[in-house]
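Student: So the chains spell out like this:
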Amino acid sequence: MRAVSNLKRKSIARTSLIRTLIFAALVLLVGAQFDAYNQAQLAVVLILFIGVLSITLLTGISGQLSLGQGALMAVGGYSTALLITNYTLSLWVAIPLSVISSAIAGLLLGVAAARLRGPYLAGTTLVIALAIPTIANRFMSVFKGDEGLQVDVGYPPQWFSSLFGEPTYEQWQLYVALPFAGVALFFASNILLSRTGRMWRSIRDNESAASLAGVNFSRQKIYVFVISSTFAGLSGALYGLRGLVGPSVYPVSLSLLLLTAAVLGGIRSITGAFIGTVIVVFLPDWIELILGNFGLSEQVSNFLPALISSLLLILTVVINPAGVAGARLHKHK
Amino acid sequence: MNTFLAALSLGTSRGAIFALVALGLVIVWRGAGIVNFAQMGQAMFSTYIASTLIANGYSYWVAFLAALLSGAALGALLDIFIMRPLSNKKQSELLSSESMRAAVPVIASLGILGALQALAGIIWAAEERGFPAPAKEEGFTVAGNVLPFTSFDVFVVSIVTLTLIVTTLFFTKTGIGLAMRATALNQEVAKLSGIRTNRTRTISWAISGAASSLAGLLITPTSNLSPNTLDLVLIVGFTAAVVGGLDSPVGAVLGGFILGMVISFVTFYDTPEDVFLAILAVLLAVLIIRPRGILGSKDARRV
Amino acid sequence: MLKIDNLVTRFGSVVAIDGISMQAQESKITTVIGANGAGKSTLLRTISGLEHPSSGSITWKGQSIVGMRPENIVRLGIAHVPEGHAVISELSVEENISMGSLFRRRKFKSDITPAIDEMYALFPRLKERRKQLAGTLSGGERQMLAISRALVSRPQLLLLDEPSLGLAPLVVEQIIDSVNTLCRSTGLSVLLVEQNANTALGVADHGVLLALGKVVADRPASELKADAKLRAAYLGY
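Chains as they are written, first to last, in this note's numbering: chain A, 1 to 333; chain B, 1 to 303; chain C, 1 to 237.
This is chain A alone, in the form it adopts within the complex:
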């Protein structure tokens, strides 16, 4: 019995590893064709993809809706920034430590969330996301208020440049984000394919049946929150490293953007998470590309992306709640 499940575990890990490697290769290949601006955009896609995965796991797989993933991202971002500025740690050390700190935040949130359902959880997490600017200003000396903390990915180490040549700043952003996105993809894929993923789905689909089958429902809910928070924290850490960690970087609209991406692509699938992230990140560029010649006023073009992504979100939910990657999902079932 044990031998069989070990074998299964190995094959799951292999599948996930292959997926991850293909993903990384594709990103590098496509990234090489892009100009500097689009390379930076691609880096943002990779970073937010990790955040969207946190929603895929939390909402798509275990059925809990949180509107506060931006707050957990902020925890990751502020932790990284403080570790780098106050203790001059390398980002390769600071980021894993920040992921731990957001996991702790997720644990606290999860303990509270295990008691809450549906709209209560959604509302409470929304309030928490809205509280970030207040907290940043309340503890001014630490978080530097609205101004925030300045951090960036810095420069590549000597050995990297001598091995691969001197990358541009945008390329370096991409190269920093890629390994983390790969790790996140690997773990997410592993979770979805494994017994844990099945158990979480059973929580989502039927609480009472799951608890009858001996699933400790509250503990699993907390566990989901912790795992999801590590993803959000990692995403937030990398997001802040683009230059600034401050309230304006982690607004409520960021939480909603992640949710939009997750729903548009397909809230239950990893492919969907990636497709959704690509859509929300590149949407403003595409709109400009299409409508740029119409001479729209600044007022219109500022709000058009938000309008279109909100409308897409509504349409997806009403017409095709399974999202872009939904068709595939149905076939599997």
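Worth flagging that the hints you see were computed from the coordinates, not collected in a lab.
Computed from a predicted structure; not experimentally measured.
Just to be clear, a hint being listed does not mean it is correct.
Claimed, not checked - Some chain B residues well away from chain C (every beta-carbon gap over 12 Å; in silico):
1) Ile123
2) Arg129
3) Thr168
4) Thr267
What the hints assert, rightly or not - EDC-like mimics (lysine to aspartate or glutamate), calculated; alpha carbons at most 16 Å apart, straight line:
5) B:Lys173 with C:Glu94
6) C:Lys61 with C:Asp5
7) C:Lys131 with C:Asp117
8) C:Lys131 with C:Glu94
9) B:Lys173 with C:Glu95
10) C:Lys28 with C:Asp177
Stated by the list, open to error - Cβ pair distances, simulated, as ranges:
11) A:Met140 with B:Ser223: 19 to 29 Å
12) A:Pro96 with B:Ala135: 54 to 64 Å
13) B:Leu147 with C:Arg105: 27 to 37 Å
14) A:Ile100 with B:Val250: 45 to 55 Å
15) A:Arg115 with B:Glu138: 21 to 31 Å
16) A:Leu311 with B:Val142: 46 to 56 Å
Each residue gets a CB set at the ideal place from its N, CA and C atoms; glycine is no exception.
Place chains B and C on chain A using the hints.
Tutor: Structure of chains B and C alone, referenced to chain A:
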């Protein structure tokens, strides 16, 4: 003593407005099982309509009425075109579990909020604009002392009281009110009694839309009008509704006044910057100590 | 009057009703009996529009009512009292009854109060407790209230689901008697679903025995009652 009176008066007039917002949330929650996060987006939109009318020379009262009507119409349209098709989709695989059935309408309401805010930005530009009050915003003067109570406060408190009375009468004394309560309490029995539950749900959305538009009209003279100004009001209203009990209209009103007092006393005795943390603290405290709220019924927390 | 032909209702992969054909005759009491899980309740729920059949037809006075919403089926004169004393406990007795007549208040304005008064005459105990919340009533009173809520819409056909469930025999007798009297005096048709076959066959004109979603017997009630073999095989006594 004067500070205390000032805090009490601000708490009362703000509390009245928050009571309206919470009531709007509770009406849709009871009537349709949805916490409508777009509610204050709808209110923002109709307040902008009122503001545009005033800017074009119409009187305050014409604009006032237009805002209430457009708030009700918008609420009804959102239900008919978005929420109703959504609730008819329950058969689909994604909505097969209860937790997702609760989550998906919330996601839809966030989409509505985003769309309304972006649309308002496009139509009215995003810069803040003021909004007039129909009554003076200076305190009454008695024997040379300026009291902390303005005629606008009197206006707010009386119009909210009037609204609460009318709403109560509507729900308890009219046939539609009975139909709406029946739908909220037990859809199946309501349908078997011949009540068109789709229609009563739409009416819930319309009433909630009008109530929150009224709240928007009353709060904007003291803040400012921009696509995002009412976000905070929504949070306060949500907290008020949770404090009172999401399924209890009386609780919503009570919760509204409690939140009004908390916010006002924190503003006067501590600092306005701490208001948000105070709201968060109240919300968490209620959820930990008494999750169903002060007047909520035991099984109110339907997923 | 009500004619059901080859009706099939599924819940996912579970077939609750598997090709039922039967009728409810005018001004008669037809009873549907059978063990737990035979599909009796699902049959009534499909007729009243709460569930949608996957195939088959339901014709009411020559008109197909498949696919109609419950709130419109009531308007055609079919009132359903679902299983389990279905009243709204948070509303008063008075409100529960008038809820059933809400849809008539435009067209039959002058008949609303008389209809409600008739219910109080039928079940005087409800009149005494008019202002009480339905949740404070006893099980029997709640069942009376549920029936009144349905009857106040002046239906031609009453679908009654397990009125005896969880009630004392004396109360059951009283409720069944009232329904019987009403049927005989006003010409109301009744489709009575019961697990308690003896009681049901005692008042009914016609009986339909269901097992696992299929009709096993469809005969005059007295014949069914006398058939010891059938009773032993399907009802266990």
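Student: Hint by hint, note whether the structure agrees.
Tutor: Hint check:
1. Ile123: 38 Å, holds
2. Arg129: The assertion about arginine 129 of chain B holds, with a minimum of 44 Å to chain C.
3. Thr168: 15 Å, holds
4. Thr267: For threonine 267 of chain B, whose nearest Cβ neighbour in chain C is about 38 Å away, the distance exceeds 12 Å, so it holds.
5. B:Lys173 with C:Glu94: The given pair, whose Cα atoms are some 12 Å apart, holds under the 16 Å limit.
6. C:Lys61 with C:Asp5: 14 Å, holds
7. C:Lys131 with C:Asp117: Given that 16 Å is the threshold and the Cα spacing comes to 15 Å, the pair holds.
8. C:Lys131 with C:Glu94: 6 Å, holds
9. B:Lys173 with C:Glu95: 10 Å, holds
10. C:Lys28 with C:Asp177: With Cα atoms ~14 Å apart, lysine 28 of chain C and aspartate 177 of chain C stay inside 16 Å; holds.
11. A:Met140 with B:Ser223: 19 to 29 Å: 24 Å, holds
12. A:Pro96 with B:Ala135: 54 to 64 Å: 59 Å, holds
13. B:Leu147 with C:Arg105: 27 to 37 Å: 50 Å, violated
14. A:Ile100 with B:Val250: 45 to 55 Å: 46 Å, holds
15. A:Arg115 with B:Glu138: 21 to 31 Å: Violated - the Cβ-Cβ distance for arginine 115 of chain A and glutamate 138 of chain B, about 47 Å, lies outside 21 to 31 Å.
16. A:Leu311 with B:Val142: 46 to 56 Å: 54 Å, holds
Violated hints, listed in ascending order, are 13 and 15; each of the other numbered hints is respected by the structure.
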